Amino acid sequence: MTYTQLAVLGVVVVVLLDLVVVRTRLLRRRVFWAAYAIIVFFQLVTNAILTGLRIVRYDGAAIVGSSTPAAAPPPFLGDGRIAYAPFEDLLFGFALVVLTLVLWVWLGRRGLQRTPYAGPPRARVPGAETERRP
Amino acid sequence: MSRFAYLAVLAFVVVGSSWLEIALRTRVYARWRRLAVALGPVVAIFCAWDLYAIAAGHWTFDPARTTGVLLPGGLPLDEVLFFVVVPIAGVLTLEAVRSVKRWEVGDEPEGSCVDGVRASDEDAA
Chain V
28 MTYTQLAVLG VVVVVLLDLV VVRTRLLRRR VFWAAYAIIV FFQLVTNAIL
78 TGLRIVRYDG AAIVGSSTPA AAPPPFLGDG RIAYAPFEDL LFGFALVVLT
128 LVLWVWLGRR GLQRTPYAGP PRARVPGAET ERRP
Chain S
38 MSRFAYLAVL AFVVVGSSWL EIALRTRVYA RWRRLAVALG PVVAIFCAWD
88 LYAIAAGHWT FDPARTTGVL LPGGLPLDEV LFFVVVPIAG VLTLEAVRSV
138 KRWEVGDEPE GSCVDGVRAS DEDAA
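Residue numbers (the working numbering), protein chains in the order written: chain V, 28 to 161; chain S, 38 to 162.
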C-alpha cells in the first residue's frame, strides 16, 4: 500500500475506534477540537523542519506529490505538500494523536489514574462521587 | 551537531509542551502510569507502520542528521522517540484545554462536578 492509502486507513481506523469501538466520542467534543487546533499548528511547524531540511525524505511513488528532491527543499505548498510535508503527514499525525487521546481517556474512564484532574482543585456538590486514590 | 538535528526538533516539542504541566497543572506526568499504558499500543502500532514504510521505501532518513542509532529493521532511534514525545505533547495539550476551559473530556465519573456543573447535567443541557 502507498503512504496515501495507509494514512487514509489510519484516520478511518481511529475515527471508528473513537466513535464506535470504545465510544470515547472525543471527536464529538469541543475539548478535542480546541486541543487539535493547537496540536496541528505545532505539527505543521515540526513537520516543516523535518521535511524542509530533508531530515526525512519521501518517495514520490508512495505519496500524491513528487519525491523529495535530492539537492533542494521540496515545495513549501503545492504538489501534494503543505508546509514542505506531504499532506499525508497531517493524516498520519491526526491518527497518532487521536489514537493516543482515545486510549488516554478510555483508561481514565476505566479508573486508571482518573485523578488528579487537570487544573485547580474542584468544588464538589453534595452527593457527587468522591474521588479515591487508586 | 547536525547529527542531532532530529533530536533538536524533538527537544523543541518537549520544551514547548512540558511547561503546561506546571503552568496549567495538567497532571499528565503526575499520572505517569496511565500515560505509559496509553503510550504502549501507540508506540507499537506506529513503529510497525514505520518499519513497513521503511521496508516499502515510502520514506528514508538522512543519516547525517539523525543519531545513526538504528533499531532492527532500520528504524532510527530518533523516530521511536518521536512516537513518545509527540503523543505526550498531545495529551498535555488536551489536559491544558481542560484545565482552562473546564470542558468535559469523557473520563469524568458519573455525577462528578465540572466547573460547578455535574457532568451528567451538562450532557442534559
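Read the hints as simulated data drawn from the structure, not as lab findings. Check before you lean on any hint, since a few could be wrong.
As the list claims (entries may be wrong) - To be clear about the criterion: a stretch of chain S counts as covered by chain V if any three or more of its residues have a C-beta under 8 Å from a C-beta of chain V, and this derived list gives those stretches:
hint : segment
1    : 45-53
2    : 56-65
3    : 68-76
4    : 86-99
5    : 110-124
6    : 129-137
As the list claims (entries may be wrong) - Computed beta-carbon distance windows for the label pairs:
hint : chain 1 : residue 1 : chain 2 : residue 2 : range
7    : V       : Val-91    : S       : Gly-77    : 14 to 20 Å
8    : S       : Gly-53    : V       : Pro-143   : 19 to 25 Å
9    : S       : Cys-84    : V       : Phe-103   : 26 to 32 Å
10   : V       : Ala-99    : S       : Arg-40    : 20 to 26 Å
11   : S       : Pro-100   : V       : Pro-147   : 46 to 52 Å
12   : S       : Ala-73    : V       : Val-72    : 42 to 48 Å
Source: prediction; values computed, not measured. Note that CB positions come from ideal geometry on N, CA and C, so glycine has one too.
Can you list which hints this structure breaks, lowest number first?
7, 12
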